[in-house]
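Novice: Read off the chains here:
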Amino acid sequence: AQSVAQPEDQVNVAEGNPLTVKCTYSVSGNPYLFWYVQYPNRGLQFLLKYITGDNLVKGSYGFEAEFNKSQTSFHLKKPSALVSDSALYFCAVEEYGNKLVFGAGTILRVKS
Amino acid sequence: DVKVTQSSRYLVKRTGEKVFLECVQDMDHENMFWYRQDPGLGLRLIYFSYDVKMKEKGDIPEGYSVSREKKERFSLILESASTNQTSMYLCASRSGTSGLLSSYNEQFFGPGTRLTVL
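Chains as they are written, first to last, in the numbering used here: chain F, 1 to 112; chain C, 1001 to 1118.
Please keep in mind that the hints were generated in silico from the structure rather than gathered at the bench.
Any given hint could be a false lead.
[Unchecked claim] Simulated pairs of lysine-lysine, DSSO-like, Cα-Cα distance not exceeding 27 Å:
#1 C:1057 x C:1003
#2 F:111 x C:1057
#3 C:1071 x C:1018
#4 C:1053 x F:99
#5 C:1003 x F:49
#6 F:58 x C:1003
#7 C:1071 x C:1053
#8 C:1018 x F:69
#9 C:1070 x C:1057
#10 F:49 x C:1057
#11 F:49 x F:77
#12 F:77 x C:1071
#13 F:99 x C:1013
#14 C:1018 x C:1057
#15 F:99 x F:77
#16 C:1071 x C:1055
#17 C:1057 x C:1071
#18 F:77 x F:22
#19 F:69 x F:111
#20 C:1070 x C:1055
#21 C:1053 x C:1018
#22 C:1071 x F:99
#23 F:69 x F:99
[What the hints assert, rightly or not] Chain F is nowhere near these chain C residues, computed Cβ spacing over 12 Å in every case:
#24 1006
#25 1017
#26 1018
#27 1022
#28 1041
#29 1044
#30 1052
#31 1104
Given the structure is predicted, the values throughout are model-derived calculations rather than measurements.
We treat Cβ as the ideally placed atom computed from N, Cα and C, and that holds for glycine.
Produce the complete structure using the sequences and hints provided.
Specialist: This is the structure:
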């Protein structure tokens, strides 16, 4: 069965510093990987996805993620954090023909 | 701009009441989903639909039913609300044919309905 782990409930980073939000996954076949963000009192917004090809994926708002097949990871990164990046981030995985499975979420707090 | 709307942002109901949550998308998407979001559990799939009048159970369908009479509208029904159904409910839609066989497409989410059952 598919599963996703986000090992950190919360990540704290200072504005201007690089940020990383971790995600590991488990699937039996080839994964489709997604990151979504949820700002306070709002629905989820799509950030980026990995389907195939280049392991480094670039998405909205300056975020990127690196697919690492050997470590079964898909960590979300940004070179320079903004206070406005503070939100709840979800990693999700899907196998072809199967359902999307979400991680528990990681709260990102960026302090000025 | 793509849009998924949900009928209520906040809803308070009593135990035993029948509750209807409505979701409408304007993107002509074939696939629609209902999730519930609980702290520490992420999003869990309740039901999904890949075509009008078609529905499939998700991971936690017990106590819920759905209806999709029109392509743009997907309703979630709590037949007899219970306190353990207090949660945030999120609707989503996605383009693609053949139900789950559009896995590479992202889902678009509504703003959510926070339901409290007293």
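Novice: Taken at face value, is the distance from the CA of residue 1071 of chain C to the CA of residue 1057 of chain C at most 27 Å?
Specialist: Roughly 18 Å separates the two Cα atoms, so the pair holds.
Novice: Between residue 1071 of chain C and residue 1053 of chain C, does the CA-CA distance stay at or below 27 Å?
Specialist: 9 Å, holds
Novice: Taking 27 Å as the top limit, are the C-alpha atoms of residue 77 of chain F and residue 1071 of chain C close enough?
Specialist: Violated. Residue 77 of chain F to residue 1071 of chain C sits at ~37 Å, over the 27 Å cutoff.
Novice: What's the verdict on residue 99 of chain F and residue 77 of chain F, does the C-alpha distance respect the 27 Å limit or exceed it?
Specialist: Status holds; Cα separation ~25 Å.
Novice: At 12 Å, judged by beta carbons, does residue 1017 of chain C keep clear of chain F as stated?
Specialist: 25 Å, holds
Novice: Taking 12 Å as the cut and beta carbons as the points, is residue 1006 of chain C off the interface with chain F?
Specialist: 8 Å, violated
Novice: Does the structure keep residue 1071 of chain C and residue 1055 of chain C at a Cα separation of 27 Å or less?
Specialist: The given pair, whose Cα atoms are some 12 Å apart, holds under the 27 Å limit.
Novice: Examine each Cβ of chain F, and state whether all of them lie more than 12 Å from the Cβ of residue 1044 of chain C.
Specialist: 8 Å, violated
Novice: Given the proposed pairing of residue 1053 of chain C with residue 99 of chain F, does the C-alpha separation stay at or below 27 Å?
Specialist: 19 Å, holds
Novice: Decide if the proposed pair is consistent with the structure: residue 1071 of chain C and residue 99 of chain F, CA atoms, cutoff 27 Å inclusive.
Specialist: 20 Å, holds
Novice: Sort out whether residue 1055 of chain C lies within 27 Å of residue 1070 of chain C, counting only the CA atoms.
Specialist: The hint holds at about 13 Å.
Novice: Confirm or reject the statement that residue 1104 of chain C sits farther than 12 Å, beta carbon to beta carbon, from all of chain F.
Specialist: Answer for residue 1104 of chain C: violated, closest chain F Cβ roughly 5 Å.
In summary, the numbered hints that this structure violates are 2, 8, 12, 13, 19, 24, 28, 29, 31.
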